[in-house]
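Engineer: Taken in sequence, the protein lines are chains R and P. Throughout the first sequence, residue numbering follows my numbering, covering 19 to 605 in sequence. Throughout the second sequence, residue numbering follows my numbering, covering 19 to 605 in sequence.
Do not rely on the hints blindly, as some may be mistaken.
Identical chains share a label here; the pair holds if one copy fits it or two copies do between them.
Cut-off 30 Å, straight-line C-alpha distance, at most; resulting in silico cross-link-like pairs (DSBU-like, lysine-lysine) [as the list claims (entries may be wrong)]: (1) LYS445 / LYS585; (2) LYS585 / LYS543; (3) LYS152 / LYS434; (4) LYS423 / LYS434; (5) LYS152 / LYS511; (6) LYS511 / LYS150; (7) LYS567 / LYS193; (8) LYS603 / LYS543; (9) LYS511 / LYS439; (10) LYS495 / LYS565; (11) LYS439 / LYS150; (12) LYS439 / LYS423; (13) LYS315 / LYS567; (14) LYS315 / LYS152; (15) LYS439 / LYS550; (16) LYS172 / LYS193; (17) LYS172 / LYS198; (18) LYS495 / LYS439; (19) LYS565 / LYS585.
The hints are simulated quantities; they were obtained by calculation from the structure and are not laboratory data.
Protein chains: 2
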Amino acid sequence: MAMAAVRLPSLSLLRYPSKSLLSCPLSLAPRLRHLRPRASAHISGGGASRCISARSLAKEEVSSSATPSTDRKPSSSYEGSVTPRSVDFNAWYLDVIASAELADYGPVRGTMVIRPYGYAIWEAIQEYLNVKFKETGHSNMYFPQFIPYSFIEKEASHVEGFSPELALVTIGGGKELEEKLVVRPTSETIVNHMFTQWIQSYRDLPLMVNQWANVTRWEMRTKPFVRTLEFLWQEGHTAHATAEEAETEALQMIDVYKKFAYEQAAIPVIAGRKSRAETFAGAARTYTIEAMMGDRKALQAGTSHNLGQNFSRAFGTQFTDENGQRQHVWQTSWAVSTRFVGGIIMTHGDDAGLMLPPRIAPIQVDLLLGFVIVIQSVYEVILINVNIINYQVVIVPIWKTANDKSGVIDAVSSLKDLLLKAGIKVKVDDSEQRTPGWKFNFWEMKGVPLRIEIGPRDVANKSVVVSRRDIPGKPGKDFGISMEPSVLVAHLKSRLDDIQASLLHRAISFRDSNIVDVNSYEELKAVIAQGKWARGPWSASDSEEQKVKEETGATIRCFPFEQPLGKMTCFMTGNPADEVAIFAKSY
Amino acid sequence: MAMAAVRLPSLSLLRYPSKSLLSCPLSLAPRLRHLRPRASAHISGGGASRCISARSLAKEEVSSSATPSTDRKPSSSYEGSVTPRSVDFNAWYLDVIASAELADYGPVRGTMVIRPYGYAIWEAIQEYLNVKFKETGHSNMYFPQFIPYSFIEKEASHVEGFSPELALVTIGGGKELEEKLVVRPTSETIVNHMFTQWIQSYRDLPLMVNQWANVTRWEMRTKPFVRTLEFLWQEGHTAHATAEEAETEALQMIDVYKKFAYEQAAIPVIAGRKSRAETFAGAARTYTIEAMMGDRKALQAGTSHNLGQNFSRAFGTQFTDENGQRQHVWQTSWAVSTRFVGGIIMTHGDDAGLMLPPRIAPIQVDLLLGFVIVIQSVYEVILINVNIINYQVVIVPIWKTANDKSGVIDAVSSLKDLLLKAGIKVKVDDSEQRTPGWKFNFWEMKGVPLRIEIGPRDVANKSVVVSRRDIPGKPGKDFGISMEPSVLVAHLKSRLDDIQASLLHRAISFRDSNIVDVNSYEELKAVIAQGKWARGPWSASDSEEQKVKEETGATIRCFPFEQPLGKMTCFMTGNPADEVAIFAKSY
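Okay, chain R solo, but in the shape it has when bound (with noise of 0.2 Å):
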């Protein structure tokens, strides 16, 4: 199933001629590629043809609309091709997020529109983890966004890790501000400012909290998902009465995002503990997990942060303890943020575009569904008028008579009410405007992990054909796969769960071999070179680190929690070391 190579001119290009050759204004593809980094400028060449092909297919409609579908063949393919992961990883990415329609640029430089699409991804993170949180005691509330400039200042490191990235809101209703006021960066000052007020004795701890907010910092370089000026994410929150409940507070939570990365996403993170130059701006300790994306770099998927007494301190958090005595809490934040949706485009994608593990699909739909069925008994009715956009399952009918398209489409609509009543979201694409050989080739794009192809010859055989999108060709079909309903149900499910465990078990070999055990700084230095991953013995310096990052560009991404045994000596002093520390570079 590989994609053209040829990229025929879109067919908005021959209703708009013009405006497409001319200016492009409005396509995505261009607009997506001037942020590009240099280093992939030498990309060029096809711009015209990219700005149509990245984008319109998905909107634009053929111009023959009226035209019915039977007079159409299946061989023109969907247009919306993406630049070969292998010869521009970057472009890909940039591609694939316009082509499957997952984000858009904002007005303002470094901002991004997240499309529904995109944002289903995000919700079906959403959904998830809200739920963990809420099993492991913590509550959902709101903090204001605008911070007094002063609650910055509090906490040393802190103002000096977050002062370069602040949005100052200086003018409010018309006036200059008193006090310029500080868009949140992150919540800790303003979280310590309330939690001076809720929290009196050890009975009101621990207190665990969490939010779902935007949060702005004013970064330079931006890239959809991975790095924004505005960005979603969740930040818990929670102080406690002894430094031993804050630690298994952090990695608990460290934990739940493993656990999401692995079994829901797919991404085979590497979980540990930030070097002390990597910490967070005003942790104690900063617990990670780390992700290899389709290019080697590592992507920090999420953080976790034993933030010890630095924020009580400032702010004055205490509790009366059992003895009467007044003590600072101890406090832990992490996050999880929209970047993750980019750590999962950039784990499976391929040069057919998306790939989303079948469990990324939107869990809410499952609720409401169940929701509906037990209470308003009304199960057909909502099932059907529920707006799905993450889909399970494609279901793309085929038909050349207009003889044969009744069959078709009534075999194709009893399969869809089968589906839904098991609790698989599926999606029939049965417009008229496309051929199937254009649909393949776009739900493909959208990642979309199973197809069922129907034609007319299925329908009398009562079987259909079930196409996986993580096996291109015919090695991913499953021919003849009967169409009663137990014995589909179970094969989609079965094969759902295949899915599930084949992108994980590609992505741990993946990283498996792209991760090198290293005995020296020169041996560091030549798998840094190779765009690989380096583990090895580290006990050197802050300073010695820093030089490791500037002379090669890599970083200690974490001191995994997974150490091997054993004495061992630190690769760049010699001296012993205690653990491993992994380097790469990263997004």
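Start from chain R and add chain P according to the hints.
Structural biologist: Just chain P, lined up with the frame of chain R:
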């Protein structure tokens, strides 16, 4: 179940007397009160006692926490009492917010921290509406909150309406910005900027999206939930090919809001059209739902705007129609915000505190449980682990001797499992620091619809006492309800339905007894002076509407959709009138 008339000094006072008595720096009730409008300034006295009464007891525990509860008599009552609603409605409102721990002030004047118990109400609103939006074909997405200032200026009445309320970012990343950025007060401008890029032909229409977001309006007079500098809302934005479709959409969405208000929040809103003067800045027509609060002031609880082509002309949002002609799209936008939480408090609350309609307890938990049952088959474990906040039923066990205790606790524990399995959100308050009487008052303050009381005699009789929150004292109690699972569950569900219906019925009666038909301006003045709503035929000018506002303080809340039949005469001018308008003072 009247609140204790005498406020006992709180026990926190005994522990930190100097701090509490002298400065009360962290107490919420006085902080809330200092923002009350001057009209209520005559309510003073008892400052120091309210300073502690309204808040601290929910947090502070009794000093003798080591004392076993068997030694405790059920006489000490919950001290988190509030100003009687009839004495000072505004003070009552702020006291309920503080005592039920719904919200708190943020450090920046006019901002609000939404605490977990208040945020759970917002989540219940979100979860219901989110389903309805998807059922009606809308997709969630996210637009950036920073809008170039020039965008706001493009639509003439929009800039006039919003420019006095804008918060402006002028510094980013340490540098003065070339163009000021508006922190979104609403998103029509940026939405249109993006729509121009996504809409080419009629086949791209309708385009129907929604976002859940924070918005900022620099309000001078704020009030928690009702009007805050930053608030949370959803804003739907749609584009259509015809004026008729846009009108249908705007009407559909105000109907979604109306149904939510009636069926979930038990608020009998009046839906109708805004007058020209009260129409949204930039809209052709604004539809509204208007709710009567307990003080008979009107609360605009949701709006839906038919924007016509105002924004599409300002931004050039065009499509090519079926005849190949370029046309401007027809648009709508519609919103409900955290203000609705204030509407729930002010519609149903009483002197004992908050009163929550049973259906406002979050839907999500049911859904999640349903999911967990289906997918993980570990029903009980997860049920108990999920952190439910808004309860439909609270169980208060009562015992005097250690002997009695174990039997009562066992009975309570199996009751809890039973109710959770039946999908009823239940809390067991078995803490030993509080007396049953204190707990009764505390959970009434929190507005939990039903309370189950179980003592040793009830255990022996295999029965419980069930108390309704909405009917004080003995008339609200059902004695001797069998613990037999099917009987008890049926009884509770039936009672929850009764309460839901009763709250709505009571609010309808209150509303209808406070709307008076008027046939002259003199009559209107008299009705408004009584604090009621006036309804009368109206076809007068905008300036006469302005005169009514200046002379009476009342505005046209809406021209209700439900209109009397027959010919009418404008009560102001004596000219023929096509419709009646409703006038009222409002929030």
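Engineer: Next, verify each hint and record whether it holds.
Structural biologist: Verification of the hints:
1. LYS445 / LYS585: So LYS445 and LYS585 fail the 30 Å test inside a copy (56 Å) and across (53 Å) alike.
2. LYS585 / LYS543: within (23 Å within a copy, 90 Å between copies)
3. LYS152 / LYS434: Intra 34 Å, inter 19 Å, cutoff 30 Å: inter-copy only.
4. LYS423 / LYS434: within (16 Å within a copy, 55 Å between copies)
5. LYS152 / LYS511: Classified as both; 28 Å inside a copy, 25 Å across copies.
6. LYS511 / LYS150: both (24 Å within a copy, 28 Å between copies)
7. LYS567 / LYS193: Answer is between: at 28 Å across copies they meet the 30 Å cutoff, but 45 Å inside does not.
8. LYS603 / LYS543: within (11 Å within a copy, 74 Å between copies)
9. LYS511 / LYS439: both (13 Å within a copy, 27 Å between copies)
10. LYS495 / LYS565: Close neither inside one copy (51 Å) nor across copies (75 Å); limit 30 Å.
11. LYS439 / LYS150: both (26 Å within a copy, 20 Å between copies)
12. LYS439 / LYS423: Within one copy only: 24 Å inside a chain, 47 Å across chains, cut-off 30 Å.
13. LYS315 / LYS567: Within one copy only: 14 Å inside, 64 Å across.
14. LYS315 / LYS152: neither (33 Å within a copy, 37 Å between copies)
15. LYS439 / LYS550: Neither way: LYS439 and LYS550 sit 46 Å apart in one copy and 51 Å across, limit 30 Å.
16. LYS172 / LYS193: For LYS172 and LYS193, the Cα distance is within 30 Å both inside one copy (26 Å) and across copies (22 Å).
17. LYS172 / LYS198: both (15 Å within a copy, 28 Å between copies)
18. LYS495 / LYS439: within (24 Å within a copy, 42 Å between copies)
19. LYS565 / LYS585: within (25 Å within a copy, 87 Å between copies)
Hint check: violations occur at hints 1, 10, 14, 15; the rest are consistent with the structure.
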